[in-house]
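So the sequence shown is numbered by the numbering used here: it starts at 161 and just counts up by one.
A portion of the hints provided could be inaccurate.
When the alpha-carbon atoms are kept at most 25 Å apart in a straight line, the in silico PhoX-like pairs for lysine-lysine are as follows [stated by the list, open to error]:
1. 219 with 180
2. 213 with 186
3. 286 with 296
4. 286 with 186
5. 213 with 296
6. 186 with 305
7. 319 with 296
8. 327 with 261
9. 286 with 327
10. 213 with 261
11. 296 with 186
12. 286 with 261
13. 219 with 319
14. 213 with 290
15. 290 with 305
16. 324 with 219
17. 305 with 319
18. 296 with 180
19. 327 with 219
20. 305 with 180
21. 261 with 324
22. 324 with 305
23. 180 with 261
24. 261 with 319
25. 219 with 261
26. 327 with 213
27. 290 with 180
28. 261 with 305
29. 290 with 324
30. 319 with 290
31. 286 with 219
32. 319 with 213
33. 186 with 219
34. 186 with 261
Keep in mind that the hints were calculated from the coordinates and are not lab data.
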Amino acid sequence: MTENVILVDSYDNETGIMPKMEAHIKGLLHRAFSVFIFNSEGELLLQQRALDKYHSGGKWTNTCCSHPRLGEQTIDAANRRLMEEMGMECDLQYGFNFIYKADMLNGIAEHEFDHVFFGLSNDIPKPEPKEVANYKYISMEDLEKDIETNPSHYTEWLKTCFNKVMKSYLQIF
161 MTENVILVDS YDNETGIMPK MEAHIKGLLH RAFSVFIFNS EGELLLQQRA
211 LDKYHSGGKW TNTCCSHPRL GEQTIDAANR RLMEEMGMEC DLQYGFNFIY
261 KADMLNGIAE HEFDHVFFGL SNDIPKPEPK EVANYKYISM EDLEKDIETN
311 PSHYTEWLKT CFNKVMKSYL QIF
């Protein structure tokens, strides 16, 4: 079954649908989301993407991310993928959105209107091995230093939105 993404304009208005890989090859703007789960110690739950993902395999990123399906509310998609990728449920709160475009390997580009959600949980993840190679909790300060020292270890979208996430984090904790 072909997985589609929702094409959008710069205001997140739907403009059509397209198979996910075609949208990534053409670098077309589409709707996405990123979930950031913190524990009560203020540490962020990171996942290491499975090594065989079609892009950014093996890179560390936020707790989970993906694309909503046609007709699916973005918050519902975020909850669905949090369970599918990390085996977790969490009360998610909308934080902000941003647009980014990044060229990836294999001739594809990520061009996303990304909705960011935050949650607080001390649950232990049960990651899906097809999606997640590993996970860890890290303080935002340590993550900031490691992104500066080892930027190639992290996904483009995490690096792009990190400063906004940090501002939101400082308001939460």
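Here is what the structure says about each hint:
1. 219 with 180: Status holds; Cα separation ~20 Å.
2. 213 with 186: Measuring from Cα to Cα gives roughly 19 Å; hence the hint holds.
3. 286 with 296: holds, 12 Å
4. 286 with 186: Violated, because 34 Å separates the two Cα atoms, which is more than 25 Å.
5. 213 with 296: Between residue 213 and residue 296 the Cα gap is close to 19 Å, so the pair holds against 25 Å.
6. 186 with 305: Given pair residue 186, residue 305 is violated - Cα atoms ~34 Å apart, limit 25 Å.
7. 319 with 296: Given that 25 Å is the threshold and the Cα spacing comes to 17 Å, the pair holds.
8. 327 with 261: It holds: about 22 Å lies between the C-alpha atoms, which stays within 25 Å.
9. 286 with 327: Not OK: residue 286 and residue 327 at ~28 Å, beyond 25 Å, violated.
10. 213 with 261: holds, 19 Å
11. 296 with 186: violated, 33 Å
12. 286 with 261: violated, 31 Å
13. 219 with 319: holds, 12 Å
14. 213 with 290: holds, 8 Å
15. 290 with 305: Violated. Residue 290 to residue 305 sits at ~29 Å, over the 25 Å cutoff.
16. 324 with 219: Given that 25 Å is the threshold and the Cα spacing comes to 20 Å, the pair holds.
17. 305 with 319: holds, 12 Å
18. 296 with 180: The hint is violated at about 28 Å.
19. 327 with 219: holds, 23 Å
20. 305 with 180: Not OK: residue 305 and residue 180 at ~33 Å, beyond 25 Å, violated.
21. 261 with 324: holds, 17 Å
22. 324 with 305: holds, 16 Å
23. 180 with 261: holds, 15 Å
24. 261 with 319: holds, 12 Å
25. 219 with 261: holds, 17 Å
26. 327 with 213: The hint is violated at about 30 Å.
27. 290 with 180: holds, 18 Å
28. 261 with 305: holds, 23 Å
29. 290 with 324: violated, 29 Å
30. 319 with 290: Between residue 319 and residue 290 the Cα gap is close to 23 Å, so the pair holds against 25 Å.
31. 286 with 219: Distance ~19 Å between residue 286 and residue 219 Cα, so the pair holds.
32. 319 with 213: Measuring from Cα to Cα gives roughly 19 Å; hence the hint holds.
33. 186 with 219: Status holds; Cα separation ~23 Å.
34. 186 with 261: holds, 12 Å
Comparing the model with each numbered hint stated earlier shows that hints 4, 6, 9, 11, 12, 15, 18, 20, 26 and 29 do not hold.
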